[in-house]
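Peer 1: Protein sequence lines, in the order shown, are assigned to chains X and R. Take the working numbering: the last position of the first sequence gets the number 339, and nothing is skipped along the way. Take the working numbering: the last position of the second sequence gets the number 1255, and nothing is skipped along the way.
The hints are simulated quantities; they were obtained by calculation from the structure and are not laboratory data. Backbone N, C-alpha and C fix where the C-beta goes; we use that ideal spot for every residue, glycine too. It is possible that part of the hints are untrue.
Said to hold, decoys possible - Cβ-Cβ distance ranges computed for the label pairs, FRET-style:
no., chain 1, residue 1, chain 2, residue 2, range
1, R, 1075, X, 118, 21 to 27 Å
2, R, 1065, X, 127, 34 to 40 Å
3, X, 311, R, 1124, 39 to 45 Å
4, R, 1124, X, 150, 45 to 51 Å
Said to hold, decoys possible - Rough simulated footprint, nothing fancy, chain R against chain X, three-plus residues with beta-carbon under 8 Å:
no., region
5, 1–12
6, 152–161
7, 208–215
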Amino acid sequence: MLRALGILCLGLAGAFGLHLVVSNAVPPYPALIVNMCGISIILAISLNVINGLTGQFSLGHAGFMAIGAYVSAYFTTTLRYFDPDAARYISEAPLFDGLWGFPPALLAGGIAAALAGLIVGIPTLRLKGDYLAIATLGFGEIVSILLSNFRAVGGTKGLTSIPGYADTFWIYGSAATCLILTGFLQRSTFGRALIAVRENELAAEVMGINAARMKITAFVYGAFFAGVAGGLFGHLMLTISPANFGYMKSVEVVVMLVLGGLGSSTGAVVGALILTVLPEALRDVERQVELSGFRMALYALLLVVMMLFRPQGIFGQRELSLKLLRRLLPSRDKPGRQP
Amino acid sequence: MTSLLETRGLTMRFGGLTAVDDCNLGIREGELFGLIGPNGAGKTTVFNMLTGVYTPSQGSVSFAGRDLRGLGPVRVARLGVSRTFQNIRLFDELSVLENAMTGAHQHAHCRLFDSLLRTGRHHREEARQREIAYRLLAFLGLEDRAGLPARSLPYGHRRKLEIARALATQPRLLCLDEPAAGMNSGEKAELAGLIRRIRDELKVTVLLIEHDMRLVLGICERIQVLDYGKTIALGTPREVQQDRKVIEAYLGAEA
Ligand SMILES: Nc1ncnc2c1ncn2[C@@H]1O[C@H](COP(=O)(O)OP(=O)(O)OP(=O)(O)O)[C@@H](O)[C@H]1O
Ligand SMILES: [Mg+2]
Chain X
1 MLRALGILCL GLAGAFGLHL VVSNAVPPYP ALIVNMCGIS IILAISLNVI NGLTGQFSLG
61 HAGFMAIGAY VSAYFTTTLR YFDPDAARYI SEAPLFDGLW GFPPALLAGG IAAALAGLIV
121 GIPTLRLKGD YLAIATLGFG EIVSILLSNF RAVGGTKGLT SIPGYADTFW IYGSAATCLI
181 LTGFLQRSTF GRALIAVREN ELAAEVMGIN AARMKITAFV YGAFFAGVAG GLFGHLMLTI
241 SPANFGYMKS VEVVVMLVLG GLGSSTGAVV GALILTVLPE ALRDVERQVE LSGFRMALYA
301 LLLVVMMLFR PQGIFGQREL SLKLLRRLLP SRDKPGRQP
Chain R
1001 MTSLLETRGL TMRFGGLTAV DDCNLGIREG ELFGLIGPNG AGKTTVFNML TGVYTPSQGS
1061 VSFAGRDLRG LGPVRVARLG VSRTFQNIRL FDELSVLENA MTGAHQHAHC RLFDSLLRTG
1121 RHHREEARQR EIAYRLLAFL GLEDRAGLPA RSLPYGHRRK LEIARALATQ PRLLCLDEPA
1181 AGMNSGEKAE LAGLIRRIRD ELKVTVLLIE HDMRLVLGIC ERIQVLDYGK TIALGTPREV
1241 QQDRKVIEAY LGAEA
C-alpha cells in the first residue's frame, strides 16, 4: 500500500512538473492542446476498462462526461438564469467556492457519473454487442436532451463563466491517478475477472465469476473517470453546452481506443494523444492547402489504413513496457509472438 | 449410502427435441463415475443442467443435499461443482497461470478497493491465488508454461489447463467433458493417471464423459449409458460392457 501511495505521489509530482513547464514556458494555444490531451487520456483509459478489458461495446462515454461536467460546474459556478415567475434573473452563489472547492466538485461529478454508470450497467446484463452500443448511444443522447431542457443549467446554451480551475496540474494529476489505478485494477483478481468475462463469458460464470457484477463494476469505474474528465473539461473551457457531449464525442473516444489497441491502457494513452493533437496539427495544413474537409478525410484514411494493416491497434492488447520495447528492438534469439 | 449428486427425472427439451429424458443419476462422494453414450446422446446437456448453464425442463438436481435447480452457473460453482468444456473455453489472452488463477477468484478475500490501493489484503489474495494455481499447474505438469499466453498452448495442454482452472475453484465434484478428445495414446494414458490422482489425492469426486472406451472402462467404478437422452444401462464397467442394449446402441451408431 505504501508503495502504491508512493507511485500515486510520483504521478502527482510528475503532473506538477509538467504544470510548471506548461504554465511558464508554453504559449496559451499549445498549452490548451496539452491540457486537452490530458482529458482525452482520462476518457480513453476509462472507456478502455469497459470496452477493452470487459469487452462491452459502450458508445455512451460522452454522456458520463456530460454528467460529470455539469454536476461539478454546478457546484463551483455562479448560476444565472431567468425565472419567469419572478420575471427577473436569478443568481445563485456557488456551493463550493474557491479553488479548494474544486476537488470536491470534481469528485461529485465523478460520483454522479458513476451512479449513471450503475444505471446504464444494468441493461448490459441482457444486451450484447451492437445492441448494447445502441442502448448506450441512446443513453448519451438522453443525457444531452435532458440537459438541453433543464433551465437551471442554461438549456441548449449551457453553463458559462465556469471558473478556470482546471490547470495542467489538476488535469495530469487526474490522468496519472486514472492510469495508475487502472494499472492496479488490471493486475488484480478483478482485472483478470473482467478479461475472463470478455474472453469467454460462459466459462467465467462456470468458474464462479459473476459476469453481471463484473460488467457493472466496469461501467461504474469507467463512468467515474469519464465524469472527472468532464469536470476538468468544463473548468478548462469555462463554458459547456450539451453540444460538447454529442455522440460524436463518444465515437471519438472509441476511435482513440481502436487506434491505440483495444484492451491496452498505454495504447489508449497513445490513441488519445494522436487523436487530440492530429486534428489540431491538420487544421494548419488544411488552411495551407486551402481544402476544407482535408483533415476529416485524412482522419478517415488513417482509420482505414489501420483496419487494413493493423486491426488490433498500435499496441494490440499489450501494454507499453520496457520488456515490450526490448522485444521490438532488433531481437537476437527471441521467437516472435503470434499476432 | 447417500449420494453427493442426485438427479430425479431430469429432462431437457429443445423445442420438439427431447435431448435428455428422465435421467436419474446418483453419484457417491469419492466416486469416479462415467457417463457415456453415442454422439448426440445428451451427455453434454446433462452437464449443462448440472452446472446451472441450462435450467432443466423437468426434474430436480440436488448436490450435497441442496437443490441446484435455477441457481445459475455462478452459484452452482460456489457450491462446489466445476467442469471443463467439450469445446475448450480458455481465456486465450490471459497467461496459463492467470487462467488457473481465475478459478480461485470466487473465493477472493479482497474487495476492489483493496486492489486499487494495493492493501495487504490484495497482496495476500494474489499470493493465495498464485499458490493454488502453481500447485495445480504442477499437478498437471504445466508449471513450466505458466507465463505463456493460453492461446499458445498445444491442444493436449489446453485440455489440461481447463482441468487446472476447474480444480482451482476447489470443487467437491469435477465434471470432465471429453478430456481426452484430440489427445494421442501416450497423452491419454497420462490423463487416465491424472484423473485417478484427482480423485485419490485431491479427494474430488469425478464425473467423466468420454468417448475413449479404454479410458472410461479402465478408470471408472460405475458407468451410466445414455442413448437418445434415455438411460439404457448402469453398472460396473464389466456389466456395462456386456449389456446387450449398450452393444446395440454402439453398433447401431457405428453402422
Ligand atoms: N442448445 C441447444 N439447442 C438445441 N438443441 C440442442 C442444444 N444443445 C444440444 N442440443 C441437441 O441435444 C442433443 C444432445 O446433445 P449433446 O451435446 O448433449 O450430446 P452429447 O451426448 O454431448 O454428444 P457428443 O458426444 O457429440 O458430444 C443433440 O441432438 C443436440 O443437437
Ligand atoms: Mg458432448
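Peer 1: Given as covered by chain R, does the region 152–161 of chain X meet the bar of three residues or more with CB within less than 8 Å?
Peer 2: Violated, because only 0 residues of the region 152–161 of chain X bring their Cβ atoms closer than 8 Å to Cβ atoms of chain R.
Peer 1: At a Cβ distance under 8 Å, does chain R reach at least three residues of the region 1–12 of chain X?
Peer 2: holds (count 4)
Peer 1: Within 39 to 45 Å: is that where the Cβ-Cβ distance between residue 311 of chain X and residue 1124 of chain R falls?
Peer 2: Holds, since residue 311 of chain X and residue 1124 of chain R (Cβ atoms, about 40 Å apart) stay within the stated range.
Peer 1: Given the range 21 to 27 Å, decide if the beta-carbon distance of residue 1075 of chain R to residue 118 of chain X lies inside it.
Peer 2: holds (22 Å)
Peer 1: Does the hinted range 45 to 51 Å hold for residue 1124 of chain R and residue 150 of chain X at CB?
Peer 2: holds (48 Å)
Peer 1: Three residues or more, CB to CB closer than 8 Å: is that satisfied between the region 208–215 of chain X and chain R?
Peer 2: Held - the region 208–215 of chain X has 4 residues with a Cβ nearer than 8 Å to chain R, which meets the minimum of three.
Peer 1: Starting from the hint 34 to 40 Å, judge whether the C-beta atoms of residue 1065 of chain R and residue 127 of chain X obey it.
Peer 2: holds (37 Å)
Hint compliance for this structure: hint 6 is the single one not met.
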